[in-house]
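Novice: Line by line, the protein sequences are chains A and B. Position one of the first sequence corresponds to residue 2 (this note's numbering), numbered consecutively onward. Position one of the second sequence corresponds to residue 3 (this note's numbering), numbered consecutively onward.
Keep in mind the hints are simulated off the structure, nothing from the lab. Every residue gets a Cβ at the ideal spot worked out from N, C-alpha and C, and that includes glycine. Mixed in with the good hints there might be a few duds.
To be verified - Label-pair restraints from in silico Cβ distances: (1) A:Asp-37 <-> B:Arg-120: 25 to 35 Å; (2) A:Asp-37 <-> B:Arg-106: 37 to 47 Å; (3) A:Ala-35 <-> B:Arg-120: 31 to 41 Å; (4) B:Gln-317 <-> A:Ala-35: 53 to 63 Å; (5) A:Asp-37 <-> B:Ala-150: 25 to 35 Å; (6) B:Asp-101 <-> A:Ala-35: 42 to 52 Å; (7) A:Asp-37 <-> B:Met-380: 48 to 58 Å; (8) A:Asp-37 <-> B:Thr-149: 20 to 30 Å; (9) B:Glu-19 <-> A:Ala-35: 39 to 49 Å.
Given next are the chains, with one letter for each unit.
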Amino acid sequence: MKLFLSRFVLAMIAAVFTWLLVASATPAKTTILAPDKFIVASTTDVKGKTSPCG
Amino acid sequence: MVLVDAGGFFPEDDLHEDVAWFLMDAMKLLGTDAAGIGDRDLRFGYARLRDHAKQDQLQLVSANLVLKKTQQPAFEPYIIKKVGNVNVGIFGLISDKADLGPARDTLAAQDPAVTAKRVVAELKKKGATVIVLLSQLGKVETEDLVTAVEGMDVAVAGRGVPLVQKGRQINQTAVVYGGEQGQYLGRTIVTLDATHHAKSTDSDMFILGPDVGEKKEVSSLVQAFEDKFNEKLRVAEKEQAAKQQATAVQNDPDHFLGDEVCGRCHKDEQAQWKTTAHAHAWKTLVDKKKDATPDCIPCHVLGYNKSGGFLNATQSPKLVNVQCESCHGMGTGHDAYSEKAARVTEQTCVTCHTSANSPTFDFAIYEPHVVHHFAGKMPTLPPKPANSSMGGR
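Looking at chain A on its own, in the form it has when it is part of the complex:
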């Protein structure tokens, strides 16, 4: 099923955003500008929520 969750999407975008904060943008995937940093992005207890009610 080719579907996403908006909040998970937000989570993912935020995760990427935080990564960018540390490493900044780079065109080469193998280039790590902050080799001494590593990020764990986490969610928990999503409880079947997809988006706000209205």
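Based on these hints, arrange chain B on the given structure of chain A.
Specialist: Just chain B now, with coordinates in the frame of chain A:
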């Protein structure tokens, strides 16, 4: 970077089963590296969870969830993922006090601390330089565990854990707390030493507010799923309603009446109410196609599932919206001869304006926007956050 979920992603009721599988699909598509397993996630049985994860190729981990017969792991106990120069060991734990629901005859949860000691040693032996625990043990048990067991760098604490903005350092483990219902993202920055082991950690929770933004094409896919699911619920609801003997409820001496009856005497109040957001609460659900979602309906109608209250939009169309009796109580309990005005307190509001649904709710600011005969300076409502269901501008 790794993206992990500590588990507890399934909904609380069987009606939302479609959402459960959708969530798993979504996690995979979003690139989740590993997800823990909570007792909630076993609500549709072990085999279905295992098979759906396999189909999705979503990596579930639980080190202490074992098959009762063989005592062998029911899922992968852990993974080791290579990210740059870092070998990240990720393992999950479930509470051994949890009710495993329909999986209770098949599965058992072993002692978390004993398991954690063994798994941490194994992960280190296999070259993991950073170790992450996905915990479904709750706050206290997670803290006890990382106090007793050394070697974990990050513990994502789930299962009824309150939101704590800043992670806590317990021994050498950064514990990340809470952030349920997809509204928050935990970020732990691990600073590495020359051997790629964790030197220090810094954890924060981020609310996924409007500043984070949203990918249009992806939110469209979510909307498509929700629309389809809402329609399915709507059909099921109508079928169920047709079978119900609604008249038995309507004839209860204590029941809701609806704003039309109240408005016969309270004309000014009714006219003022019609200008408020409460009078349009149902439309917000219809617009978002959530008008058949049981989680959402109660705060957008009058007396959902209560005597004489809202059944569905077909059978009780006059009971949509947040009406007079939502705040003032059942009309049949109304004392027409009372000399005291029926003043509504904050307690009434927060039954719906919870921190999850309405994070910017402030009684002093919101009340003037709905109260009858307000004479002061109207306070400005705060902007409505993207993850808020109600209130705000």
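Novice: Compare the structure with each hint and give your call.
Specialist: Now the hints, each set against the structure:
no., hint, verdict
1, A:Asp-37 <-> B:Arg-120: 25 to 35 Å, "holds, 30 Å"
2, A:Asp-37 <-> B:Arg-106: 37 to 47 Å, "holds, 46 Å"
3, A:Ala-35 <-> B:Arg-120: 31 to 41 Å, "holds, 33 Å"
4, B:Gln-317 <-> A:Ala-35: 53 to 63 Å, "holds, 60 Å"
5, A:Asp-37 <-> B:Ala-150: 25 to 35 Å, "holds, 30 Å"
6, B:Asp-101 <-> A:Ala-35: 42 to 52 Å, "holds, 44 Å"
7, A:Asp-37 <-> B:Met-380: 48 to 58 Å, "holds, 53 Å"
8, A:Asp-37 <-> B:Thr-149: 20 to 30 Å, "holds, 28 Å"
9, B:Glu-19 <-> A:Ala-35: 39 to 49 Å, "holds, 42 Å"
In this structure, none of the earlier numbered hints is contradicted; all agree with it.
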